[in-house]
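K.L.:
Got chain D; can you put chain Y on it based on the hints?
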Amino acid sequence: MEFISQPWPWYVAGPAIAFVLFLMFYFGRAFGVSTNLETFCTMSGAGKFSDYFKTDWKARKWSLVFVVGIILGGLISSQYLMTSDAIDLNPDTVKELAELGFANAGSDYLPAEIFSTDNLLSLKGIAILLVAGLCIGFGTRYAGGCTSGHAITGLSSLQLPSLVAVIGFFAGGLLMVWFLFPLIF
Amino acid sequence: MKNLKFLIIGIVFGIILSKSEVVSWYRIYEMFKFQSFHMYGVIGSAVAIGVILMQLFKKGIIKDFQGNPIIVKPKKKGFIRTFVGGSIFGLGWALAGACPGPIFVLIGHGAITILIVLLGAMLGAFIYGLLSKKLPS
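Protein sequence lines, in the order shown, are assigned to chains D and Y.
If you count the first sequence from 1, position 117 lands on 117 in the working numbering, and the numbers rise without skipping.
If you count the second sequence from 1, position 71 lands on 256 in the working numbering, and the numbers rise without skipping.
These are computed hints drawn from the structure, not numbers from a lab.
Being a predicted model, the structure only gives us computed values, none of them experimental.
Mixed in with the good hints, there may be bad ones.
As the list claims (entries may be wrong) - With the Cβ distance kept under 7 Å, some of the chain Y side facing chain D (calculated, not the full set):
| # | residue |
| --- | --- |
| 1 | Val227 |
| 2 | Pro254 |
| 3 | Leu276 |
| 4 | Ile292 |
| 5 | Ile297 |
Stated by the list, open to error - Restricting the straight-line Cα-Cα distance to at most 27 Å, the calculated cross-link-like pairs of lysine-lysine (BS3-like) are:
| # | chain 1 | residue 1 | chain 2 | residue 2 |
| --- | --- | --- | --- | --- |
| 6 | Y | Lys258 | D | Lys54 |
| 7 | Y | Lys261 | D | Lys61 |
| 8 | Y | Lys243 | Y | Lys261 |
| 9 | Y | Lys262 | Y | Lys243 |
| 10 | Y | Lys244 | D | Lys58 |
| 11 | Y | Lys319 | Y | Lys262 |
| 12 | D | Lys61 | Y | Lys248 |
| 13 | Y | Lys258 | Y | Lys244 |
| 14 | Y | Lys262 | D | Lys54 |
| 15 | Y | Lys262 | Y | Lys190 |
| 16 | D | Lys48 | Y | Lys261 |
| 17 | Y | Lys248 | D | Lys54 |
| 18 | Y | Lys318 | D | Lys58 |
| 19 | Y | Lys190 | Y | Lys258 |
| 20 | Y | Lys319 | D | Lys48 |
| 21 | Y | Lys187 | D | Lys58 |
| 22 | Y | Lys187 | D | Lys54 |
| 23 | Y | Lys248 | D | Lys58 |
| 24 | D | Lys124 | D | Lys95 |
| 25 | D | Lys61 | Y | Lys187 |
| 26 | D | Lys61 | Y | Lys218 |
| 27 | Y | Lys258 | D | Lys61 |
| 28 | Y | Lys258 | Y | Lys318 |
| 29 | D | Lys54 | Y | Lys261 |
| 30 | Y | Lys244 | Y | Lys261 |
| 31 | Y | Lys261 | Y | Lys248 |
| 32 | Y | Lys187 | Y | Lys262 |
| 33 | D | Lys95 | Y | Lys218 |
| 34 | D | Lys54 | Y | Lys218 |
| 35 | Y | Lys248 | Y | Lys258 |
| 36 | D | Lys58 | Y | Lys218 |
| 37 | Y | Lys318 | D | Lys48 |
| 38 | D | Lys124 | Y | Lys218 |
| 39 | D | Lys58 | Y | Lys258 |
Ideal Cβ positions, reconstructed from N, Cα and C, are used throughout, including at glycine.
Okay, chain D solo, but in the shape it has when bound (with noise of 0.2 Å):
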């Protein structure tokens, strides 16, 4: 139970992803949520303003079971199998965060300054989180995949354009925290 309740280390959490993309293509399926976001437009019906979103969504059953899944997953950790929500960082990093205006870095999973419920309240505060969703799920419709179906499957498979995606995923990356965060933050 010390094993459960403690933060699993990466040589854990690799091997343990690499598992769940064996069982996805062992069952017949790709190893990839981003899809996901395509369906959801369908069903809200999407297909009333373009012809990319009419397909059969019924046919993506078994991805949005997967993503149920991931939802209970979280659940059930946050509930059952932590027992602190604190992150272990670099005292650097928490530094670095403390002058860009986010205090007790590392106290919790998300930092409050980005995700509290007040920031509801604020123009800035929506506008982060929508933007930030935006570029995700427009960027990653765009590049074909996300981290599972690019970086992990696509990676692991030896293809050219995930690493072209993956590459960029890190150009945009990069930009964002090294040049744009002191000018949002």
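P.N.:
Chain Y alone, transformed into the frame defined by chain D:
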């Protein structure tokens, strides 16, 4: 119900992402700041084992549960689509500190505000769908 197995795999995946702190905004920040090995270790070791699995699929040594060969669908090609699309995704990944999998895990954690990120992501996917024929690949 034949989809029950995907529910269980999803639960396992959600627990792994939670317990390894991959769903923490801070873990994504420190990754892009090169201040911790954690995320590189997680993705790197998953890919390293994945490479071996994919070879075993390709050579037909591992077959699916019905005994059929496992075929990995090739990704859409195109430098602009993958690089530009990937970069836009990277901006969002770093800002929200979450990619699509972790967004759903965090809903399970009860993080209300992540729902705005999900709403944005659906809108983003919708905008892509509207423009998909006009965008360069």
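K.L.:
All the hints need checking, so say for each whether the structure fits it.
P.N.:
Here is how each hint holds up against the structure:
no. : hint                : in the structure
1   : Val227              : 5 Å, holds
2   : Pro254              : 11 Å, violated
3   : Leu276              : 4 Å, holds
4   : Ile292              : 5 Å, holds
5   : Ile297              : 6 Å, holds
6   : Y:Lys258 / D:Lys54  : 21 Å, holds
7   : Y:Lys261 / D:Lys61  : 23 Å, holds
8   : Y:Lys243 / Y:Lys261 : 19 Å, holds
9   : Y:Lys262 / Y:Lys243 : 20 Å, holds
10  : Y:Lys244 / D:Lys58  : 32 Å, violated
11  : Y:Lys319 / Y:Lys262 : 16 Å, holds
12  : D:Lys61 / Y:Lys248  : 23 Å, holds
13  : Y:Lys258 / Y:Lys244 : 15 Å, holds
14  : Y:Lys262 / D:Lys54  : 23 Å, holds
15  : Y:Lys262 / Y:Lys190 : 31 Å, violated
16  : D:Lys48 / Y:Lys261  : 25 Å, holds
17  : Y:Lys248 / D:Lys54  : 33 Å, violated
18  : Y:Lys318 / D:Lys58  : 24 Å, holds
19  : Y:Lys190 / Y:Lys258 : 21 Å, holds
20  : Y:Lys319 / D:Lys48  : 18 Å, holds
21  : Y:Lys187 / D:Lys58  : 14 Å, holds
22  : Y:Lys187 / D:Lys54  : 25 Å, holds
23  : Y:Lys248 / D:Lys58  : 26 Å, holds
24  : D:Lys124 / D:Lys95  : 24 Å, holds
25  : D:Lys61 / Y:Lys187  : 10 Å, holds
26  : D:Lys61 / Y:Lys218  : 38 Å, violated
27  : Y:Lys258 / D:Lys61  : 19 Å, holds
28  : Y:Lys258 / Y:Lys318 : 22 Å, holds
29  : D:Lys54 / Y:Lys261  : 20 Å, holds
30  : Y:Lys244 / Y:Lys261 : 23 Å, holds
31  : Y:Lys261 / Y:Lys248 : 25 Å, holds
32  : Y:Lys187 / Y:Lys262 : 33 Å, violated
33  : D:Lys95 / Y:Lys218  : 13 Å, holds
34  : D:Lys54 / Y:Lys218  : 41 Å, violated
35  : Y:Lys248 / Y:Lys258 : 15 Å, holds
36  : D:Lys58 / Y:Lys218  : 41 Å, violated
37  : Y:Lys318 / D:Lys48  : 16 Å, holds
38  : D:Lys124 / Y:Lys218 : 24 Å, holds
39  : D:Lys58 / Y:Lys258  : 20 Å, holds
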